[in-house]
Amino acid sequence: MLSKRIIPCLDVKDGRTVKGVNFVDLKDAGDPVELAWQYAQQGADELVFLDITATHERRKTMIEMVKSVARQLNIPFTIGGGITEIADAEALLNAGADKISINSAAVKRPELIADLAKVFGRQFVVVAVDTKLVGGKNMVHLNGGRLITELETEDWIKRAEDLGAGEILLTSMDHDGTKQGFDCNLLQTISQLINIPVIASGGAGKIEHFTEVFTTTGVDAALAASVFHFGEIPIPHLKNELKKHNIPVRL
Amino acid sequence: MVGIVNYGAGNIFSLTSALSRLGITYGMINAEEEFELYSHIIIPGVGHAGAAMEKLNQSGLVEAIRALKKPILGICVGMQLLTAHSEEGDVALTNIIPLDTKLFDKELGIKIPHMGWNNIEIKNNSLFEGVENQTQFYFVHSYFIEYNATFGIATADYGLPYSAAVQKDNFYGVQFHPEKSGAAGERLLLNFSNLK
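Residue numbers (the working numbering), protein chains in the order written: chain E, 1 to 251; chain S, 252 to 447.
Hints listed in this document are in silico derivations from the structure and should not be mistaken for laboratory results.
Every value quoted in this text rests on a predicted model; they were computed, and no experiment measured them.
Any given hint could be a false lead.
Calculated lysine-lysine pairs in the BS3-like style (CA-CA distance at most 30 Å, straight line) [unchecked claim]:
id	chain 1	residue 1	chain 2	residue 2
1	E	Lys158	S	Lys374
2	E	Lys243	E	Lys13
3	E	Lys243	S	Lys320
Facing chain S, a subset of chain E residues (Cβ under 8 Å, in silico) [stated by the list, open to error]:
id	residue
4	Leu2
5	Ala70
6	Thr178
7	Lys179
8	Gln180
9	Gly231
10	Glu232
Cβ atoms here follow ideal geometry from the backbone N, Cα and C, with glycine treated the same way.
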């Protein structure tokens with residue numbers, strides 16, 4: 001049986017992990033390699049690194065970081081942020097990334113999804129979608145929820161699947177940061193709509209939220225940042241609780 | 252020392268990193284005469300099986316692989332290349348292990364690709380020494396090798412039971428990625444490097 005995946009998400013700037021991380025025995029919380037290794041030890045099933053670097057050096061710095069992570073990490077990881085062309089993806093693949101995640105670049109140029117899937121296989125292509133409820137409709141947003149698009153979330157996700165996306169990372173901007181739980185209604189709608197894996201994101205605050213999203217929706221994975229970084233939810237504890245609810249997990 | 256068949260099918264950085272972590276030395280095989288430099292051989296592979304087979308044919312190494320008597324391990328698409336035929340591209344493969352590689356059927360109510368950690372039913376085999384039955388490994392694939400009682404040494408269940416690992420004589424194959432499967436995957440690579 002396929003396990004439900006637990007995925008910590010790390011923000012990276014200039015090759016260093018940012019946002020407060022509160023692991024007791026971490027020597028350098030900004031070192032992506034050490035942090036990634038710690039998460040793997042805790043039982044994370046996969047990691048997502050989101051690059052928020054805005055400088056010209058971003059690509060070179062990121063490649064170096066990805067190589068360092070790949071040398072040490074024995075679980076899969078995804079790189080997102082700033083990927084706009086095949087060459088970006090290829091450099092990341094060659095540095096050891098298992099998947100890449102694209103967001104605004106795909107909205108601006110949907111053929112990018114098809115191009116990437118054709119060259120690298122669809123399993124390599126995660127399409128990240130930020131959604132927000134506007135006038136009763138779930139609309140795709142860019143720039144961390146600040147910029148609305150004309151795309152309805154369901155339509156866009158269906159299209160992304162048709163174009164060749166291998167996985168959808170769906171973040172509810174209404175739930176993100178609230179710690180009030182995932183957007184289970186939308187996540188269930190989406191996971192029934194498509195036939196590729198869905199990662200739930202936005203709203204995780206306590207263990208019950210993970211139990212809820214896995215028991216009431218068909219999502220394959222749940223992603224969170226702060227609850228893991230600050231040690232609010234230790235991953236081994238989370239997985240034991242999920243198992244008690246008969247949710248298949250890797251222990 | 253492990254020789255990796257370098258036929259251009261996908262990235263092998265994660266694989267070589269895993270071998271390095273385990274202290275297993277390795278090198279690349281680009282030509283037939285280089286097979287003799289190594290005690291164990293790995294055929295990696297990601298992407299499209301048809302395209303991978305075309306590259307392997309172009310490498311001119313197929314006959315040399317067929318003739319090998321030392322332990323050889325195909326990983327993911329590298330494993331599928333050992334079979335007779337793949338529905339991916341409808342291509343004839345090496346037919347070293349007479350099985351078929353098929354596309355998962357979404358009518359079985361499963362998502363495709365099969366992506367993530369899946370437990371496997373392990374037969375008693377040196378490749379899995381020290382690995383508990385039902386251990387989970389990391390899979391990413393849309394095509395699978397049919398279940399077979401003779402050649403199967405581990406079975407996964409995803410909509411249907413299929414071959415997670417196969418063996419015929421000195422030829423081994425795993426559908427999952429040992430280099431991404433945590434401690435269990437590393438143990439498997441170590442076991443492979445110790446196969447006589």
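Here is how each hint holds up against the structure:
For the hint pairing E/Lys158 with S/Lys374, the CA-to-CA distance comes to about 41 Å; that exceeds 30 Å, so the pair is violated. For the hint pairing E/Lys243 with E/Lys13, the CA-to-CA distance comes to about 35 Å; that exceeds 30 Å, so the pair is violated. For a cut-off of 30 Å, the pair hint linking E/Lys243 to S/Lys320 is broken: about 44 Å separates their Cα positions. For E/Leu2, the interface hint holds, the least distance from its beta-carbon to any beta-carbon of chain S being 5 Å, beneath 8 Å.
Because the smallest distance between the Cβ of E/Ala70 and any Cβ of chain S comes to about 5 Å, under 8 Å, the interface hint for this residue holds. Among the interface hints, the one on E/Thr178 is violated; its C-beta lies about 27 Å from the nearest C-beta in chain S, farther than the 8 Å criterion. Interface hint at E/Lys179: violated, since its Cβ lies 26 Å from the closest Cβ of chain S, which is beyond the 8 Å cut-off. About 27 Å separates the beta-carbon of E/Gln180 from the nearest beta-carbon of chain S, more than 8 Å, and the hint is not met.
Hint on E/Gly231 is violated. Least Cβ distance to chain S is approximately 21 Å, over the 8 Å limit. Interface hint at E/Glu232: violated, since its Cβ lies 24 Å from the closest Cβ of chain S, which is beyond the 8 Å cut-off.
Hint compliance for this structure: hints 1, 2, 3, 6, 7, 8, 9, 10 are broken, all remaining hints hold.
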